[in-house]
Every structure is written in structure tokens, then in C-alpha cells.
Amino acid sequence: DAGVTQSPTHLIKTRGQQVTLRCSPKSGHDTVSWYQQALGQGPQFIFQYYEEEERQRGNFPDRFSGHQFPNYSSELNVNALLLGDSALYLCASRPGQGRTEAFFGQGTRLTVV
Amino acid sequence: AQSVAQPEDQVNVAEGNPLTVKCTYSVSGNPYLFWYVQYPNRGLQFLLKYITGDNLVKGSYGFEAEFNKSQTSFHLKKPSALVSDSALYFCAVRSASYGNNRLAFGKGNQVVVIP
Chain A
4 DAGVTQSPTH LIKTRGQQVT LRCSPKSGHD TVSWYQQALG QGPQFIFQYY
54 EEEERQRGNF PDRFSGHQFP NYSSELNVNA LLLGDSALYL CASRPGQGRT
104 EAFFGQGTRL TVV
Chain B
140 AQSVAQPEDQ VNVAEGNPLT VKCTYSVSGN PYLFWYVQYP NRGLQFLLKY
190 ITGDNLVKGS YGFEAEFNKS QTSFHLKKPS ALVSDSALYF CAVRSASYGN
240 NRLAFGKGNQ VVVIP
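These protein sequence lines map, in sequence, to chains A and B. Each number in my numbering comes from the position in the first sequence (counting from 1) with 3 added on. Each number in my numbering comes from the position in the second sequence (counting from 1) with 139 added on.
Source of the hints: derived by calculation from the structure; they are not laboratory data. Glycine is no exception: its CB is placed at the ideal position from the N, C-alpha and C atoms. Hints should not be assumed to be uniformly reliable.
Listed next, the in silico EDC-like pairs over lysine to aspartate or glutamate satisfying Cα-Cα at most 20 angstroms (straight line) [said to hold, decoys possible]:
#	chain 1	residue 1	chain 2	residue 2
1	B	Lys188	B	Glu203
2	B	Lys246	A	Asp88
3	B	Lys208	B	Asp224
4	B	Lys188	A	Glu104
5	B	Lys161	B	Asp193
6	A	Lys16	A	Glu78
7	B	Lys197	A	Glu104
8	A	Lys29	A	Asp65
9	B	Lys246	B	Glu147
Take a look, some chain B residues computed to stay more than 12 angstroms from chain A by CB distance [what the hints assert, rightly or not]:
#	residue
10	Gln141
11	Val143
12	Tyr175
13	Arg181
14	Asn207
15	Ser212
16	Ser223
17	Asn239
18	Leu242
19	Val251
Can you build the whole structure from these sequences, using the hints too?
Below, the structure written as C-alpha cells:
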């Protein structure tokens, strides 16, 4: 059983560009969340998708947007990239909205130059 | 609001000695508490959780944690540390409100187990 998979693993972009990161949740999981982990920091919640809708959002600007597809996979889009967007982006999935723990992917390392 | 404090940046322990990583939390209502471990250039790996019931929870790789509601703490422990336990450990909390999926993480503790 594959866990949470993310692509690509590494990415280098220029300031002002746009980027799309992808996530396939663990089998049986329908809730997907995205986190940003800056160097030396804990992950920060960006947003969560369930039933193809954004259900919760953290303190991130509108440049950060997402999507969830009918097969529960998800995309994170970031527009007008800033140097400060350089971070490890983590996708997490879990089944439903209850008490279960989240399972994390290996992350996408985004470097903005 | 949800928040976690992990007061120590780094924990050094000799192999075979007990390991403790401290965590205190703040949340409205009842908490769900989690510990994750992160190895270099990897995602987060789940270790254990407290949802309800027994205050002492046991998890993967011999780790356990004790929930203390009065002290709002959830310290991670291992009776005998291994060199392979050297990694970055994160405590996380979310409120038990239905539909809340937002995990708040601490800044992490680097654990170094000395052979």
C-alpha cells in the first residue's frame, strides 16, 4: 500500500513565477491538507480539502490556492513566487473528519531564486 | 487558537539512557495530541497520539507519551535511547472540534543520541 506521494521532490523557480505541486493521498483517505515547513521551523498549516472543497485555511495569502480532484488527489498552486516561499511543502492525508492521525508525504522542496 | 511549545532546541542523551522530549500545548476545548519524527530531507512519520482515555499512550519504536491535562503537557519518552533515534521530533495539537483538521506544530526538538 503506497503512502502519501508527492511530486516533484525538488523544484527551483524564479521570483514571480507560478508553481504547482501535486499530492496523491494514502489509499482510503479522502481528506488532504497542505503544510509549509520553512528551514528550522515546524510545519505551518496552509489549507485542507475535503469533498473537493477548501474546508479550512491557515494564515496564508491568496497567492496560495489549491484543488482536490474526484479521486481525492490534490494540487497546491502558488502564484507570484517570493524568495520567502522557499520551503518544504508537505501534504498530509487522513480518512474523514474524525479522530485519526494524519499521514505525511516526503514533501516537495521548493527553492525560489 | 492552537499552539505548541517545545522549550528545548536540542536534547542530547547517551545511548541506553532514558529519553524525554518536552511539549506543552494550548487549545480551546479538548485536545488531540500527536508526536511525529522527521529524518533529514524526509516527511513526518507518525509516532503516537492521545485522543481520549488512558493518559499514558504507547506508540511505535518503543516510544510512549503521557498526557497531563492540568499541566497541559504531552511529553514524549523512551526508556532506553538508540543511536537510530537521532532525529527531529515534533509535537502537534488540534482541537477536538468536529471538522477541525488544522494541526499546530511546535518548532521541533533535535534529539542526538550519543554512542
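Now for the hints, and whether the structure bears them out:
Distance hint between B/Lys188 and B/Glu203 is fulfilled; the C-alpha atoms sit about 9 angstroms from each other, no more than 20 angstroms. About 18 angstroms separates the Cα atoms of B/Lys246 and A/Asp88, which keeps this hinted pair within 20 angstroms; it holds. Between B/Lys208 and B/Asp224 the alpha-carbon distance is near 27 angstroms, which puts this suggested pair outside the 20 angstroms criterion. This hinted pair checks out: B/Lys188 and A/Glu104 have alpha carbons roughly 7 angstroms apart, not beyond 20 angstroms.
For the hint linking B/Lys161 to B/Asp193, the alpha-carbon distance of about 19 angstroms falls within 20 angstroms, and the restraint holds. Straight-line distance between C-alpha atoms of A/Lys16 and A/Glu78 comes to about 17 angstroms, which keeps the hinted pair within the 20 angstroms bound. Of the pairs offered as hints, the one joining B/Lys197 and A/Glu104 holds, with about 14 angstroms between alpha carbons and a cut-off of 20 angstroms not exceeded. With a C-alpha separation of about 27 angstroms, the suggested pairing of A/Lys29 with A/Asp65 is violated against the 20 angstroms cut-off.
With a C-alpha separation of about 9 angstroms, the suggested pair B/Lys246 and B/Glu147 falls inside the 20 angstroms cut-off, and the hint holds. The Cβ of B/Gln141 sits about 9 angstroms from the closest Cβ of chain A, inside the 12 angstroms cut-off, so the non-interface label is violated. With a least CB separation of 8 angstroms from chain A, B/Val143 falls inside the 12 angstroms interface cut-off, contrary to its annotation. With 12 angstroms as the threshold on Cβ separation, the claim that B/Tyr175 sits away from chain A is violated: the shortest Cβ distance comes to roughly 7 angstroms.
The beta carbon of B/Arg181 is not kept farther than 12 angstroms from every beta carbon of chain A, the shortest such distance being approximately 6 angstroms. At roughly 20 angstroms from the closest C-beta of chain A, the C-beta of B/Asn207 stays outside 12 angstroms, upholding its exclusion from the interface. Even its closest Cβ contact with chain A, about 17 angstroms, leaves B/Ser212 beyond 12 angstroms, as expected for a residue assigned away from the interface. Separation of B/Ser223 from chain A is adequate, the least Cβ-Cβ distance of about 19 angstroms exceeding the 12 angstroms criterion.
The beta carbon of B/Asn239 sits about 7 angstroms from the closest Cβ of chain A, which is not more than 12 angstroms, so the claim that it is off the interface is violated. B/Leu242, annotated as away from the interface, has a beta carbon of chain A within 12 angstroms; the closest lies near 6 angstroms. Look at B/Val251: its CB is around 16 angstroms from the nearest CB on chain A, clear of 12 angstroms, so calling it non-interface holds up.
Figure legend: structure checked against the earlier numbered hints; hints not met, in rising order: 3, 8, 10, 11, 12, 13, 17, 18.
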